[in-house]
Amino acid sequence: MAKIIVVDDRPTNRQYLTTLLGYYGHEVHEAANGVEALEAVRRIRPDLVITDILMPTMDGYQFALQLRGDREGPQPRLVFYTATYSAGTAKEMAQNCGVDAVLMKPCDPAELVATINRLLGIPQAPAAAPPLQEDTAGPEPLPADYSLAKYITRLQVTKRSFDSVVVRNVDSVLERELAEMLSEEFASDIADLRRLLFRLTVLIEVSTETAAERDPGRIVEIFFGAACEIIPSRFAAVAVFDERDRKLLHVFAKDAPLAPLERNPLHGVLGAL
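Read in numbering that gives the first Met the number 0, the sequence shown has 162 at position 163, and its numbers run on one by one without any break.
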């Protein structure tokens, strides 16, 4: 199949995509930021790269600009996979830096695989069911969120197999309608489980990332980023004031100008609050 690089600063996000794409026979490599991804692209020469946008060291936007600016290097297909930016903003960024497609987190596995197949020119075909045995990393069990991700992937493959069997073997119109209804309910349950998994993953990683953090500003930034991932929003901002003299200590924003908050923090909405 294809060589694919997954770029994301959150390990469980990379693990989920690696597991999902591995079931379809792809050779998947990981990178934690744009700098690592550029090195991996030159070394591995992948067919496709899936990258988050907001990352430390080098974000996905800068990574895409540098990759597309290197005319002598390999030019794989690029996919933005993000929850931090709105769909409109992410698509506008993608057009500016040569990205081929945009997917929003959390994304239905079938949609993600279909997008990748389209970009790689792979015909759509039902995948073989993943192995039922549980993998382990040495003597320690896999993290709960990683195990859930594998479980959801299995459910998705099982659903496609169920739909295929129903289409071939159900003759009665009433039975077919009932089977289609059950299939839709199954798909809805999978989507709900994926949303829960996504929130669980973010919360686990926030807890891990902040456990040893001592910089208050960095802690606020981490929690703000997690909130933007968990709660869909077009705009968001957080401001933290000193309790004594009400000075503005930290301010972060998503798709909103920081200048009004930094210049007049106690005016307007913030002042009323």
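Simulated from the structure, these hints should not be mistaken for laboratory data. The reader is advised that the hints may include incorrect statements.
Each pair of labels, with its calculated beta carbon distance range [as the list claims (entries may be wrong)]:
hint: 1; residue 1: Pro122; residue 2: Glu91; range: 29 to 39 Å
hint: 2; residue 1: Glu26; residue 2: Leu248; range: 41 to 51 Å
hint: 3; residue 1: Glu212; residue 2: Ala255; range: 20 to 30 Å
Idealized CB from N, CA, C, for every residue including glycine.
Status of each hint after checking the structure:
1. Pro122 x Glu91: 29 to 39 Å: holds, 31 Å
2. Glu26 x Leu248: 41 to 51 Å: Holds, at about 46 Å.
3. Glu212 x Ala255: 20 to 30 Å: holds, 25 Å
Checked against the numbered hints above, the structure violates none of them.
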